[in-house]
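Chemist: Now for the letters of each chain:
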Amino acid sequence: MTDTPFADPYADIRDAVRQLCADFPGSYWRALDRDHAYPTEFVAALTEAGYLAALIPEAYGGSGLPLAAAAAILEEIHASGGNGGACHAQMYVMGTVLRHGSEAQKAEVLPKVADGRLRLQAFGVTEPTSGTDTGAIRTFARRDGDRYIISGQKIWTSRAEHSDLMVLLARTTPAADCARKTDGLSVFLIDMKAALAEGMSIRPIRTMMNHATTEVFFDDVPVPASTLIGEEGKGFRYILSGMNAERILIAHECIGDARWFLDTATAYAKDREIFGGPIGRNQGVQFPLAKAYAEMRAAALMSERAASLYDAGAPCGAEANMAKMLAADASWAAGNACLQTHGGFGFAEEFDIERKFRETRLYQVAPVSTNLILSYIATHVLGLPRSY
Amino acid sequence: MKVIVPVKRVIDYNVKVRVKADGTGVDLANVKMSMNPFDEIAVEEAIRLKEAGVVEEIVAVSIGVKQAQETLRTALAMGADRAILIVATDDVHQDLEPLAVAKLLKAVVDEEAPQMVICGKQAIDNDMNATGQMLSALLGWSQATFASEVKVEGDSAQVTREVDGGLQTISVKLPAVVSVDLRLNEPRYASLPNIMKAKKKPLEEKTPADYGVDVSPRLTVVSTAEPATRSAGVKVADVAELVAKLKDEAGVL
Ligand SMILES: Cc1cc2nc3c(=O)[nH]c(=O)nc-3n(C[C@H](O)[C@H](O)[C@H](O)COP(=O)(O)OP(=O)(O)OC[C@H]3O[C@@H](n4cnc5c(N)ncnc54)[C@H](O)[C@@H]3O)c2cc1C
Chain A
1 MTDTPFADPY
11 ADIRDAVRQL
21 CADFPGSYWR
31 ALDRDHAYPT
41 EFVAALTEAG
51 YLAALIPEAY
61 GGSGLPLAAA
71 AAILEEIHAS
81 GGNGGACHAQ
91 MYVMGTVLRH
101 GSEAQKAEVL
111 PKVADGRLRL
121 QAFGVTEPTS
131 GTDTGAIRTF
141 ARRDGDRYII
151 SGQKIWTSRA
161 EHSDLMVLLA
171 RTTPAADCAR
181 KTDGLSVFLI
191 DMKAALAEGM
201 SIRPIRTMMN
211 HATTEVFFDD
221 VPVPASTLIG
231 EEGKGFRYIL
241 SGMNAERILI
251 AHECIGDARW
261 FLDTATAYAK
271 DREIFGGPIG
281 RNQGVQFPLA
291 KAYAEMRAAA
301 LMSERAASLY
311 DAGAPCGAEA
321 NMAKMLAADA
331 SWAAGNACLQ
341 THGGFGFAEE
351 FDIERKFRET
361 RLYQVAPVST
371 NLILSYIATH
381 VLGLPRSY
Chain B
1 MKVIVPVKRV
11 IDYNVKVRVK
21 ADGTGVDLAN
31 VKMSMNPFDE
41 IAVEEAIRLK
51 EAGVVEEIVA
61 VSIGVKQAQE
71 TLRTALAMGA
81 DRAILIVATD
91 DVHQDLEPLA
101 VAKLLKAVVD
111 EEAPQMVICG
121 KQAIDNDMNA
131 TGQMLSALLG
141 WSQATFASEV
151 KVEGDSAQVT
161 REVDGGLQTI
171 SVKLPAVVSV
181 DLRLNEPRYA
191 SLPNIMKAKK
201 KPLEEKTPAD
211 YGVDVSPRLT
221 VVSTAEPATR
231 SAGVKVADVA
241 ELVAKLKDEA
251 GVL
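Here the protein sequences come in this chain order: A and B. Here full-length UniProt numbering is used: the first residue of the first sequence is 1, the next is one more, and so on. Here full-length UniProt numbering is used: the first residue of the second sequence is 1, the next is one more, and so on.
FYI, nobody ran anything at the bench for these hints, they're computed from the structure. Bear in mind the structure is a predicted one, so any value in this text is a computation, not a measurement. Where a beta carbon is used, it is the ideal one built from N, C-alpha and C, also for glycine. Please note that the accuracy of each hint is not assured.
To be verified - Simulated coverage check for chain B against chain A, where a stretch passes if three residues somewhere in it have a Cβ under 8 Å from a Cβ of chain A:
id, region
1, 89-102
2, 179-192
Unchecked claim - Here are the simulated DSS-like cross-link-like pairs (lysine-lysine), alpha carbons at most 25 Å apart as the crow flies:
id, chain 1, residue 1, chain 2, residue 2
3, B, 197, A, 112
4, B, 200, B, 173
5, B, 20, A, 270
6, B, 50, B, 245
7, A, 270, B, 32
8, A, 270, B, 16
Chain B extracted, bound-state conformation (with noise of 0.2 Å):
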């Protein structure tokens, strides 16, 4: 079967966000720019199913700017087989709307057909934790969130989810859309032979019109504001002060 793996291409997890002075978002500019860590486990996880002869092919998709194109040779490199980009802006600071690119990885699955969309649960700039949802709704497909194991059987999966009070397993019919969380694998990183394999693989460039999609955004940003700075706490010299300062002070007891 076929995979449809959608990757977003984020500001690196290693890097120090900066809020930008206009308070219209982070700064973006001349910032290291990586994977989405939660989709790197996606196309991991689609690579060990076709290690595994479950899937016959992988396609990485990436909605945004024209550099999104690092972002699928790295897929391509890990071992996807080929690649979509859809250039949606030209501004590295305009973040696409879950729905937009919902709408946008829908009319490419109805275009490639595959059995299943694995995506990760949320892309780590915004945290919306929505596209995955949407793209099922919208698709009418089953849908298996925060999955930290995945069996394919027939034509159902089996998805392991991580949920608040513990692990729960579903099954699910395919076709499927999958979110991954975390613990589902250990993404590997790309052999150098694979890195130039994958400079060599297709990568179709195509545009929101292509699809008839409109990527205008919906939501207005009002601001953003870094996370107060942690205040000096106090050193409390036995018991007796600590439940004092509780009960007077902070009052909570």
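Excised from the complex, chain A in its bound form (with noise of 0.2 Å):
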């Protein structure tokens, strides 16, 4: 299928990540998905070509690319039959310290981010009693002399246990002295060896599909003071502009799922013969394809549009948030005419098709779940009054 434009600036890139995506076929990602195995030997390939670092300025040993290009790699992954979501995070949880961290701690974390010394692709943001409220989270971290102790809980700290470093949301002062509630929270590079024998613990979550998440548990974690990222009270800030990034690459995501589902299916009704011809030529089964393929389309539009803001450093609040939304809806609507369009078999693990179909559900939910984007367009663009 022709998707990728004309002049496709990463055509390359996106060359060379499906060529290292072919030895990852299929079967590779079944096996995992049986027993709920961390993709070891794809995420090292990964790193090794140097992927997980386009992001990181060329200074620090990365590639310096713009976020359109991190697009373009994990849009490759997902269009390939793979799923980025064990390693997407270690290409921008480090975006926070690049923006905000001190030099010493860029010149130290960076360049073993870069060529995966040191994995920082855990971030701490959900708790149980505050999911999309981050306002309201309870985690704290309590000045003392030169290090802060850290008490409280984290939910869904998706590969804590694969990860080095953890940038952690806490709140450092409490909510009642703030003007307002996204005031007075903070942000920790968490260094998990270190943490984990001082009182902080990681239990994993099973969730419907192979995804490696956890809770973990602070039970007055001592940290440096050393530790804090940019200046107390100002984290809020901080996370918001890695959010941008992260729904922009989420996006692309789904938008490589949506092209896998398109893939799959056309194959599949033109060569699957029933009533003595393919069943792609019935419109019942062309047309759901024909309109998520629209759709998905359209969802890339606009998250190119959002990549391209962001990477010009202009606002994209809306166009992340609205990327992520369609292209979530657009892949969840792609993923649904795939199933139906491989009647029975859709449901064989064999064809790959229902272990994409509950990856790519994820996305309606995480990082933010579809309600709070519309949310967010009904209160930031249209001037509605907000309901919370």
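With the hints as a guide, dock the two chains, each given alone in a separate frame, to form the complex.
Modeler: Below, the structure is given as structure tokens:
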């Protein structure tokens, strides 16, 4: 399928990613899925080929590419039938350090993240009692001389067991003492091994798809004050810019999923003969695929737009959110059409459709749920009053 | 020493090939194109020789349409040092004939003076398996075709060849043309930093006129047809029926 626009500046990167992914076929992902195992070999290959360091500036050992390039890489992983969820955060969580960290923090951490010696791919924001409502988080970091003492709990902290460092959002000033509840939050760069030795614990959560997500508990865990990123109390703002990047990248993963579903469904619809002809000649089979294709292309336009705004340093909150919502909807519609096109065979694990179907469903909820995006558009773009 | 690796842009091996309605060839419009897989193996071998300290410079050469510069960039991203593109046609459907390609390569070799040309044994689009042999004839160089192992020792190369009966090892004097087979090596994929570096490596653009070579076709394609589709087989109940059918219907016994 000729999805990629004519003058795609990343055609060469896309080609190379697909070539790498060809060594990790459906059977590889199916075996991992069965055991809920981490795709260690795949992540190693991506790391070695430098893809996870795409966004890190050349001065720190990365390729210094724009977000649009990282988006192309993740899209191709998903379009190849794989999944970037095990390591995509290694690409962008470092952005918080890059944009807001001190020169010392950057020099210490970024080169090691670039070559994979340090895995910085855990991002602890969500808590059990404050999902979407980030301002209501309760994990608290209390200043104590030249250290902070952290207590609280995070949930859905993905890849915590596969990270050497975690970016953690914690409250440093009680909400009651803040003008707005998004004030008084701070960002820390947690050394996982040290924290595990000092009272932090991690508990994996088994989910509907193979996703290394966890709960992380902080039981008065001391961390050096030097782990604070930027200024105390400004953490919410620091993570917001990273969230736009995350949404744009996830949108491209969804577009990759949609492309995979449509390629797979189209090939099957041409091949499968029932009533003496290919099922794909029936409009009842064609139209859901055609519609999903149009939706995928529209979502891709929004996602590319969001990425170019981001790369130009322009405000892109609305576009990043809309891209993520439209792309997640498009991949879900494509997944559903693909499953339907395959009839009973779509349910057989061997076809990978049910696996991709479960995987792409996540993006209706994480990293931000569809309702919250609609609420963002309603209040921030249309100027309607907030319901909460 | 210097090595030249010719690389051809061909229809991607994953693409289901379709014959054009008028039978003049295969439909290549809007079809994914890639480097000929045998040429990838040739590039890889040159890089390995460079990594082993035998080769100093690798020059990739492609002859065809302007878009072949993508193929050259891939070779550069894998590890070639520079590239020469000879734009010989602007029609993606025109397949240059081996003799024309060999003449152009000879002209490049005359200019560049490499010690070795490492090429794929054939291109997967037309399966001619002729260019390397023609080039060695035009140059008057030794040739070693279908290589599954290449060792350079002093002024000669020891090449193991995959021949019908098994493996044959020969020693050829350099300079030589070596054409490579499938099992020689497993080509690496380009890393992201190398893809970015490749964009800055020199890529020189030429035309056949620059070398005084006439590339006009000498062959005419009479027709192109899809292979006949396999017809369904028959199940036999027992050995006796099988033997009977082979005797009476197939007439092979
Ligand atoms: C597999 C997985 C991985 C994740 N990885 C991470 C991670 O690495 N780091 C991290 O910090 N978080 C992570 N998350 C958390 C994710 O970001 C949250 O699940 C998500 O933001 C929703 O929060 P919640 O689950 O608490 O839902 P809730 O906030 O409880 O919302 C439940 C439902 O109610 C709706 N809702 C809530 N408020 C409103 C409203 N005002 N108006 C209308 N509808 C509303 C929501 O849209 C949602 O559908 C992950 C989640 C999953 C499932």
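Chemist: Each hint should be assessed against the structure and marked as holding or not.
Modeler: Okay, the hints, checked on the actual structure:
Counting residues of the region 89-102 of chain B whose beta-carbon sits less than 8 Å from any beta-carbon of chain A gives 0, not enough to reach three: the coverage restraint is violated. Closer than 8 Å: that is the beta-carbon criterion, and the region 179-192 of chain B has 4 residues meeting it against chain A, so the requirement of 3 holds. With a CA separation close to 21 Å, the supplied pair residue 197 of chain B and residue 112 of chain A stays within the 25 Å bound. Of the supplied pair hints, the one linking residue 200 of chain B and residue 173 of chain B is violated, its CA atoms being roughly 35 Å apart against a limit of 25 Å.
With a C-alpha separation of about 19 Å, the suggested pairing of residue 20 of chain B with residue 270 of chain A holds against the 25 Å cut-off. Among the hinted pairs, residue 50 of chain B with residue 245 of chain B is inconsistent with the structure: their alpha-carbon atoms are about 59 Å apart, more than 25 Å. With a CA separation close to 19 Å, the supplied pair residue 270 of chain A and residue 32 of chain B stays within the 25 Å bound. A distance of roughly 13 Å separates the Cα atoms of residue 270 of chain A and residue 16 of chain B; the hinted pair therefore holds under the 25 Å criterion.
In the structure shown, a violation is registered for the earlier hints numbered 1, 4, 6, in ascending order.
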